[in-house]
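Sequential numbering of the sequence shown, starting at 2, is according to the working numbering.
Among the hints, erroneous ones may be present.
What the hints assert, rightly or not - Simulated DEER-style distance windows between Cβ atoms: (1) Asp-245 / Arg-200: 10 to 20 Å; (2) Ser-171 / Ala-306: 45 to 55 Å; (3) Ala-299 / Asp-245: 14 to 24 Å; (4) Arg-200 / Glu-44: 19 to 29 Å; (5) Arg-114 / Ala-232: 17 to 27 Å; (6) Ala-211 / Leu-41: 21 to 31 Å; (7) His-112 / Arg-134: 12 to 22 Å.
Hints listed in this document are in silico derivations from the structure and should not be mistaken for laboratory results. Keep in mind the model is a prediction, meaning the values are calculated, not measured. For every residue, glycine included, the Cβ atom is placed at its ideal position computed from N, Cα and C.
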Amino acid sequence: MTKIALLISDNLLPNTKDTREDVFELTEEVGKLTPALAALGMELVQVRWREIEARAAEFDAILPLLVWDYFEGNEEAFLTAIAKAEAVTPVFNPFEMLQWNADKSYLDDLHGRGADVIRTLPVDRVTPKNVARAFEELDTDTLVIKPKIGGGAWRQVLHKKGEPFPAAESLPPEGALIQPFLPSVLEEGEYSFLYFGGRFSHAVRKTPKAGDYRIQSLYGGAEETYVPTQAERDHARAILDVLDDIPLYARVDLLRGLDGSLKLIELECIEPYLYLPHAKGEGGENEGAQKFAKALKAKLEKVRASAV
Numbered sequence: 002m003t004k005i006a007l008l009i010s011d012n013l014l015p016n017t018k019d020t021r022e023d024v025f026e027l028t029e030e031v032g033k034l035t036p037a038l039a040a041l042g043m044e045l046v047q048v049r050w051r052e053i054e055a056r057a058a059e060f061d062a063i064l065p066l067l068v069w070d071y072f073e074g075n076e077e078a079f080l081t082a083i084a085k086a087e088a089v090t091p092v093f094n095p096f097e098m099l100q101w102n103a104d105k106s107y108l109d110d111l112h113g114r115g116a117d118v119i120r121t122l123p124v125d126r127v128t129p130k131n132v133a134r135a136f137e138e139l140d141t142d143t144l145v146i147k148p149k150i151g152g153g154a155w156r157q158v159l160h161k162k163g164e165p166f167p168a169a170e171s172l173p174p175e176g177a178l179i180q181p182f183l184p185s186v187l188e189e190g191e192y193s194f195l196y197f198g199g200r201f202s203h204a205v206r207k208t209p210k211a212g213d214y215r216i217q218s219l220y221g222g223a224e225e226t227y228v229p230t231q232a233e234r235d236h237a238r239a240i241l242d243v244l245d246d247i248p249l250y251a252r253v254d255l256l257r258g259l260d261g262s263l264k265l266i267e268l269e270c271i272e273p274y275l276y277l278p279h280a281k282g283e284g285g286e287n288e289g290a291q292k293f294a295k296a297l298k299a300k301l302e303k304v305r306a307s308a309v
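Starting from the given sequences, assemble the full structure and let the hints guide the process.
Rendered as structure tokens:
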């Protein structure tokens with residue numbers, strides 16, 4: 002049996018004082034991936050990412066899918082552990098892609114390659130001066146300020162022109178991205194398109210609860226299965242096509258821009274929640290989990306063939 006390490010963060014461990022409220026998403030995802038991988042001869046084993054450097058040799062591949070704390074000041078330790086583990090065992094997605102994707106300044110890179118990306122002003126630190134400049138340059142009266150290295154709306158702020166400057170403890174601790182707030186998140190929601198091995202799997206539409214703009218379940222957000230048009234699928238796939246290599250898994254997060262087109266707000270290649278309940282089938286019969294398993298098997302076969 003091929004052994005696959007599924008990396009998890011300490012805040013997803015049972016009986017931990019800081020266990021995330023959305024830990025049910027781990028249970029749900031693992032419950033579908035485990036039997037789908039087993040059907041193709043792969044055993045999925047949960048491992049703390051902090052232990053993977055020492056345990057890498059036990060496994061045939063490593064998946065950092067549930068490292069939901071790497072951005073909370075742990076990114077250097079996480080990336081160091083992954084780099085050392087990859088010297089022993091293949092990591093999917095590979096270290097070079099994870100390192101690139103960890104800093105959301107990758108949006109500039111993607112924009113330069115032709116991807117349709119939300120307008121973004123990167124700053125080394127959030128200050129009243131560069132926030133004032135962002136209002137003018139981005140031509141908006143409402144900004145979203147988020148960490149360059151972050152996730153799940155951690156240390157993210159919605160700031161309107163004329164309001165008191167946000168408290169330091171609510172702002173990104175270091176580098177940040179400043180973006181215009183797009184009202185479509187309230188009216189239409191955010192879309193996530195899931196791709197495994199470059200092939201489309203399924204999509205969801207996520208909406209915030211009344212009075213909020215954040216779409217994550219932690220903040221009361223809701224989600225529903227979405228069937229995109231072929232044009233929308235082509236638009237999302239075009240973003241993947243500008244990459245040098247197609248990732249094993251990727252989540253393309255999109256919002257409707259003021260010009261009516263879908264704008265990339267994030268390309269998640271490290272630890273995206275896969276929204277498997279929105280693919281058909283339960284347990285190991287889940288079509289999204291099966292597509293993931295087939296894509297992983299193909300990656301492993303390619304690695305083994307190149308080693309011969």
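Each hint, compared with the structure:
no., hint, in the structure
1, Asp-245 / Arg-200: 10 to 20 Å, "holds (18 Å)"
2, Ser-171 / Ala-306: 45 to 55 Å, "holds (50 Å)"
3, Ala-299 / Asp-245: 14 to 24 Å, "holds (18 Å)"
4, Arg-200 / Glu-44: 19 to 29 Å, "holds (24 Å)"
5, Arg-114 / Ala-232: 17 to 27 Å, "holds (20 Å)"
6, Ala-211 / Leu-41: 21 to 31 Å, "violated (43 Å)"
7, His-112 / Arg-134: 12 to 22 Å, "holds (19 Å)"
Comparing the model with each numbered hint stated earlier shows that hint 6 is the single one that does not hold.
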